[in-house]
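If you read the sequences in order, they're chains A and B. Heads up, the final residue of the first sequence is numbered 81 in the numbering used here, and it's a clean run with no missing numbers. Heads up, the final residue of the second sequence is numbered 81 in the numbering used here, and it's a clean run with no missing numbers.
Which copy is meant is left open, so a pair is good if it fits within one copy or across any two.
Listed next, the in silico EDC-like pairs over lysine to aspartate or glutamate satisfying Cα-Cα at most 16 Å (straight line):
no.	residue 1	residue 2
1	K6	E34
2	K6	E45
3	K60	D47
4	K21	D47
5	K6	E24
6	K21	E45
Hints in this document: simulated from the structure, not taken from any laboratory. Nothing here was measured: the structure is a model prediction, and the numbers come from that model.
2 protein chains.
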Amino acid sequence: MRIKILIRLKSQILEPQGKVIEHSLNNLGFNEFNNIRQGKLIELDLPDNLSKEEKDQKIDSACKKLLVNDIIEEYEVLG
Amino acid sequence: MRIKILIRLKSQILEPQGKVIEHSLNNLGFNEFNNIRQGKLIELDLPDNLSKEEKDQKIDSACKKLLVNDIIEEYEVLG
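Kindly produce the complete structure, drawing on both the sequences and the hints.
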């Protein structure tokens, strides 16, 4: 199965790249786009025969050990 | 409404950062994680009073004009 992990800075942390994108979009006339923040997307394959619990446990463990800086980032798993 | 735009390199394009993550995860004992690719996540607010068509049209236009390099990247809109 293909898994998507969305990693974003916590909301109280300044994310300058999103501000740059927002400014550029506004300059192009896209004034409805607000509160833009950029994060990371990590996509990966896990074996189909894993149970949901095994899958969740492995992903959480990988996030905590390598992928996510828990101090400033949070993550969301899709699929 | 909060929109997520997932931007990834097209599958035929080499994505070295994902290979580095995969190697690191394998070294940590996560051998089930395969075909890892890193991409970008852009999250933004759009006004709730937009219709689905207006929303889709604005997002597609912003992606084509600024956010996505159509030659090497593809995008997916969630929410």
